[in-house]
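Those letters in the sequence shown? Residues -15 to 110, by the working numbering.
Incorrect hints may appear among the rest.
To be verified - When the alpha-carbon atoms are kept at most 25 Å apart in a straight line, the in silico SDA-like pairs for lysine to any residue are as follows:
1. Lys45 <-> Pro27
2. Lys1 <-> Pro27
3. Lys1 <-> Glu66
4. Lys45 <-> Asp97
5. Lys45 <-> Ser25
6. Lys86 <-> Ile74
7. Lys88 <-> Gln(-5)
8. Lys77 <-> Lys1
9. Lys88 <-> Gln104
10. Lys77 <-> Gly(-12)
11. Lys77 <-> Asp97
12. Lys1 <-> Gly53
13. Lys88 <-> Thr16
14. Lys86 <-> Pro29
15. Lys45 <-> Gln104
16. Lys45 <-> Ile20
17. Lys86 <-> Ile(-14)
18. Lys1 <-> Gly50
19. Lys86 <-> Ile109
20. Lys86 <-> Asp97
21. Lys88 <-> Glu66
22. Lys86 <-> Trp57
23. Lys88 <-> Arg58
24. Lys88 <-> Pro27
25. Lys77 <-> Pro27
26. Lys45 <-> Ile(-14)
27. Lys45 <-> Ser95
28. Lys1 <-> Tyr22
29. Lys86 <-> Tyr100
Unchecked claim - Cβ pair distances, simulated, as ranges:
30. Tyr100 <-> Gly68: 29 to 35 Å
31. Ile(-7) <-> Asn64: 19 to 25 Å
32. Lys77 <-> Pro17: 14 to 20 Å
Everything labelled a hint here was simulated from the structure, so no lab data went into it.
Don't be surprised by glycine CBs; every beta carbon is placed ideally from N, CA and C.
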Amino acid sequence: MIHGTGIDIIQISRIQKSLENHAERFEERVFTPREIEYCRSRPEPFKHYAARFAAKEAVLKSLGTGMAGGITWRDLEILNRESGQPALNITGKCLEICESLKLKDIHISMSHDNVYAIAQAVAEIA
């Protein structure tokens, strides 16, 4: 059964400007060390940061909570499985909220081109 869905689209240039103007502060506030390592290893890191940012926004929308209740950006970590499929790791306050909602899984999908990054999330009840 579906609890909620979320979708987000962002201009990659917004994330690029944030990284250029506030690199470490922005990275450390929004992304986990493993996300930073992954994005920095890619040929065009801004696209990968933007896709992960959009995915985090989409997940929060699928929960119906936004950033309320003490959730931080780093409570949501988006990595890739060996197949390339994005995988969501949830920790902290976000994990507590997911457990209270009795969620089984949150499925995510991400994509980007040269201008936009987009992500979708579907929160599934156990």
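Hints and how they fare:
| no. | hint | verdict |
| --- | --- | --- |
| 1 | Lys45 <-> Pro27 | violated (29 Å) |
| 2 | Lys1 <-> Pro27 | holds (17 Å) |
| 3 | Lys1 <-> Glu66 | violated (30 Å) |
| 4 | Lys45 <-> Asp97 | holds (22 Å) |
| 5 | Lys45 <-> Ser25 | violated (29 Å) |
| 6 | Lys86 <-> Ile74 | holds (14 Å) |
| 7 | Lys88 <-> Gln(-5) | violated (31 Å) |
| 8 | Lys77 <-> Lys1 | violated (29 Å) |
| 9 | Lys88 <-> Gln104 | holds (17 Å) |
| 10 | Lys77 <-> Gly(-12) | holds (18 Å) |
| 11 | Lys77 <-> Asp97 | violated (32 Å) |
| 12 | Lys1 <-> Gly53 | violated (28 Å) |
| 13 | Lys88 <-> Thr16 | holds (23 Å) |
| 14 | Lys86 <-> Pro29 | violated (35 Å) |
| 15 | Lys45 <-> Gln104 | holds (9 Å) |
| 16 | Lys45 <-> Ile20 | holds (23 Å) |
| 17 | Lys86 <-> Ile(-14) | holds (11 Å) |
| 18 | Lys1 <-> Gly50 | holds (23 Å) |
| 19 | Lys86 <-> Ile109 | holds (6 Å) |
| 20 | Lys86 <-> Asp97 | violated (35 Å) |
| 21 | Lys88 <-> Glu66 | holds (22 Å) |
| 22 | Lys86 <-> Trp57 | holds (21 Å) |
| 23 | Lys88 <-> Arg58 | holds (20 Å) |
| 24 | Lys88 <-> Pro27 | violated (34 Å) |
| 25 | Lys77 <-> Pro27 | violated (33 Å) |
| 26 | Lys45 <-> Ile(-14) | holds (13 Å) |
| 27 | Lys45 <-> Ser95 | holds (17 Å) |
| 28 | Lys1 <-> Tyr22 | holds (19 Å) |
| 29 | Lys86 <-> Tyr100 | violated (33 Å) |
| 30 | Tyr100 <-> Gly68: 29 to 35 Å | violated (20 Å) |
| 31 | Ile(-7) <-> Asn64: 19 to 25 Å | holds (20 Å) |
| 32 | Lys77 <-> Pro17: 14 to 20 Å | holds (19 Å) |
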